[in-house]
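Asks: Sequence:
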Amino acid sequence: MSTHTTAAAGVQVCSLKRDTPQTIPANAPYTVIRFPFGSAESSDRFTMHQVDQPDGYVITDWDNDPRSGLIWPSVAGWGTLYAMIQWEAGGYDELRDQFVRDPLGLTPNPNDTTATEHRPPSPGMQCWTKSWGIFVDPSVPLAVRATHDDSVARKIVLAEFKLVIHEAA
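1 is the number of the first residue of the sequence shown in the UniProt record's numbering; add one for each residue after it.
Please note that a few of the clues may not be correct.
What the hints assert, rightly or not - Straight line, CA to CA, 30 Å or less: simulated DSS-like cross-link-like pairs of lysine-lysine:
| no. | residue 1 | residue 2 |
| --- | --- | --- |
| 1 | K155 | K17 |
| 2 | K130 | K17 |
| 3 | K130 | K155 |
| 4 | K17 | K162 |
| 5 | K162 | K130 |
Derived by calculation from the structure, the hints in this document are not laboratory data. Small disclaimer: the values here were computed from a predicted structure and weren't measured.
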């Protein structure tokens, strides 16, 4: 009889929630959705979303600093990104969102976008969810960002951003 053992791969999760409105300017470039620190609805056991950023930068005003939208993966591995975005009702022809590696130009390879979607509006409030798998690295921050084509600024009224990393065994 042979004995077979395998090392279990770990799973690390960062789950962020924003339940206060964030204004997105009219016809603006993509805007990083920002998230508070230490929210009761958020979970950051693996310290991927911290005021003290891994590169030494310290966030002092989360609601106005795009760095508060960054998740810095805790380990390299296969990551699954999730987002939920709820927009107020408006005069949109199109709503746009995407995941992005290094949206703020902090690495040699900034603005590496993936899972970009352009969506026609539905009646009333706009509610969207998405997921996408990518390889992640601790030196490359991730974000979800959005924009719209309404002629006036509009609010994202609720948003969530999550990363689940499956470490190699």
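Asks: Look at each hint and say if it fits the structure.
Replies: Each hint, compared with the structure:
With a C-alpha separation of about 15 Å, the suggested pairing of K155 with K17 holds against the 30 Å cut-off. Annotation: proposed proximity of K130 to K17 holds, straight-line Cα distance about 15 Å (limit 30 Å). Of the pairs offered as hints, the one joining K130 and K155 holds, with about 19 Å between alpha carbons and a cut-off of 30 Å not exceeded. Proposed proximity of K17 and K162 is supported: the alpha carbons are some 9 Å apart, at most 30 Å.
A threshold of 30 Å between alpha carbons decides the hint, and for K162 with K130 the separation of about 10 Å falls inside it, so the pair holds.
Hint violations for this structure: none, all hints satisfied.
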